[in-house]
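For chain A, the structure is supplied; the task is to place chains B and C on it using the hints.
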Amino acid sequence: MSSRGNSVAKGWRAGLGSRALVSMTGEGAFVRLYGVVAAGGFRRYTTYRVATAAGVFTNTVFGVIVAYTYIALWDQRPNLGGYDQSQALTYVWVSQALLMTVNMFGGGFADELVERIRTGDIAIDLYRPADLQLWWLSADLGRALFHFLGRGAVPLAFGALFFDLALPTTPGTWLAFLLAVLLGVVVSFALRFLVALSAFWLLDGAGVSSLVSIAGLFFSGMLLPLNAFPGLLGEVARALPWSCLLQIPADVLMGHHHGTGLLGAYGFQLGWAALLLGAGRVLQSAAVRRVVVQGG
Amino acid sequence: MTDLVELDGVEKVFDVRRKTGRWRREKQQVRAVDGISFRVPRGEMVGYIGPNGAGKSTTIKMLTGILTPSAGRLRVAGLDPSRERTRMAQRIGVVFGQRTTLWWDLPLYDSYRLAHRMYRIPDARFRENLDRCVELLDLASLLDVPVRQLSLGQRMRGDIAAALLHDPDVLYLDEPTIGLDVISKAKVRQFLRDLNAERATTILLTTHDLTDIEQLCRRVMVIDHGRLMYDGALTGLHEAGESERTLVVDLERELPPVRAEGARVVKVEGPRQWLAFPASASAAPLVAHIAAEYPLVDLSVREPDIEAVIARMYEGPRVH
Amino acid sequence: MPGAAGAAGAPERLPAPGMWATYRMIAGMWIRSTLAYRASFAMMLVGNFLVTAFDFVVIALMFSQVRSLGGYSFAEVAFLYGTSTTAFGLANALLGSIDKLGARVRDGTLDTLLVRPAPVLAQVAADRFGLQRLGRLLQGLLVLGGSLLALDVHWTVLKALLVPMMLLSGTAIFCAVFVAGAAFQFWAQDAAEVQSAFTYGGQTLLQYPPTVFAKDMVRGVTYVFPLAFVNWLPALYVLGRPYPLALPAWFAFTPPLVAALCLILAGQAWRVGVRSYRSTGS
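First to last, the protein sequences are chains A, B and C.
With this note's numbering applied, the first sequence has no gaps in its numbers, which climb one by one up to 296 at the end.
With this note's numbering applied, the second sequence has no gaps in its numbers, which climb one by one up to 320 at the end.
With this note's numbering applied, the third sequence has no gaps in its numbers, which climb one by one up to 282 at the end.
Everything labelled a hint here was simulated from the structure, so no lab data went into it.
Even for Gly, the Cβ is constructed at its ideal location relative to N, Cα and C.
All the pointers check out, no bait thrown in.
Here are the computed distance ranges between Cβ atoms for each label pair:
1. A:E27 - C:L142: 52 to 60 angstroms
2. B:Q98 - C:A246: 55 to 63 angstroms
3. C:R275 - A:D84: 53 to 61 angstroms
Okay, chain A solo, but in the shape it has when bound:
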């Protein structure tokens, strides 16, 4: 009763022409290979037009519902978390716009990777002349770009049209926001990569991955801005890697960080990205040894 494996295999191949696998030496070829992988990750999602439209609709509906609850909340506490009401509303619409881009629910490539580990197809990937982590990171960046444009732009535009948002007027702030989103995607990827690799040791990773995505949902600030979390809970939440996904990009967009503060925010994201990607590498080499020893 499962056709999942099949569709996964299809997804893996989709958008990756054989030219991705021709011999690659030198830096240019390196960039080209992962560029092709990223483009494949992007293209895979462009085929699901109805699904994208449906997702935009749902994001927008949720945006409206949450926006009104925030209006009620900020009516009572006008300066909660250092936001005024239009900043709080901006936060709502940015969170709907980034929901898929930084993959706050988890899943995405991770489900696919877990499935490949479960079926043993991962052994093929490990013998591929490309790095596992970089391969999936490229594909995920391609996917993120699609979701940013396809799923993010319309809800944000809708929010800006029907609510009073505090959006920046200078292109520099928008660029700073894009960089923060990019770093957020990398941190999100690194987290999900770690969880997916745990499937090497746990036969069925669905439980772990759902627990981690729950933690992510809560600590990313998707439900309520981390600034508005009370006391110690707020401080802990802001120090965890999940704050890189939404809270920091949203604050960068609203101009909360500038100058050295902005560098500090990027540094925080980069630090988590490096730490988590590094942990992913350690786990990956342990997994490779395991596959080599057990033959997959």
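Below, chains B and C without anything else, positioned relative to chain A:
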């Protein structure tokens, strides 16, 4: 003999939206099945063949009650399949070769237990049928194994058993040997022969493997572009299609093309040569001749595939 | 098979199982399937409980900063939350995977359900049934119980009866939304997420007081897409609060009627969808 399956001018027309520009789409009608009539008496085994997209699976879907015909009259065991879908379902068995109906994460036996309850099979009858299937399909050691751990061949045998526990009048098999190894194929074919002989179960099967038909069906129907192109014995089809089998011979060394009565060399590649000969002729005299005259290392016979037979049929004289 | 050789007369067939019997059979198979992965099942049950509890944690966090929301106290909002989540949780436990219908149409596995002698709706409704879905229901019931203890309401028999009534009719309304959404997927197989806007979105909306939202939204979910009948109308009667729209008080007692109507319409939509599938094959 009574006719168990009756089709009179059955049609199935689909509206298909086709992209005609970047954004424009146009509605088009596609006649997937375009006026098909045939009858199948009880106890017959019929092969139903044709190229992909010819209308085979649409016909099967109408016969099983999944799809409603657009026009014509269709009866299976006296029932209108699409109007009386659940009653029909109790009297037919369906095996989709590429799609298992077994429960992926559960032991094989659990799927049978569900069939027992869902088809409301009397207990004694269920036990009897299951025991028989387990014996003939060699399932005894598999009953406790989760389906996801079965091989393709084991799963196919499991699926066939699942389709037979409720004593269906008709068994529809859609590509029952696809992807199976030689031994599994032989097992499945032997079982179907026994089933048909013992129980007189009517069997309709679609396949790409002409050997299935050769070994199982006295009658074959060819469908293409939604129309019935041929309905008769398999030998007749070979004659109609002038189909050819291929003998592949590996010689000790590279030699000029082999000369043999009734066969011609169609390809040479180093010491390997391909000889085409009529499918209706026996390979034995040909093989004997080559073995006697040439330094033979190895040989094999390739059956014509259905696409090739049908393609030749169009080139040759039309059958009506 | 032995002994039946040449049996021209087919054996007597018992009538096919009905909706509920089919549902129980398929759901039972899925429960056994999930128990094959016990560790994951336990984690998913906990996860389900937690993830749905977050909605309430957010409300609690809000109330750690304010004393009222839209003029409603914490206990009152918790009552709305409890009724909405319980009704939705029950509907979701019953047919939460029905939105996978589009995927089944796309990959053709719906056909394997159509050749079984059982109602397709029941088979699809029970698809991927899992006990871990009880997490949400449990959590909704806990909050509801807590709010009933904390509420400062002058209880009457009528009000007391209104609580179970709204839970049942609310479940029925959400079930209707699930079925109608699934029926829609016979035409738009990739549009599963649209349904989430009305199911999960509806649940979230109803967790807050209607005074929080724009009048037009309240009108929309009262007159057009009748989610307000799940809990807002009866719950506001229990709380002794005026409904933001000018409606007579007896509207608080109409949810069972509205639910019946919704179920009938959803059933019709489903039948039209199945008929369309069987005539087009999609």
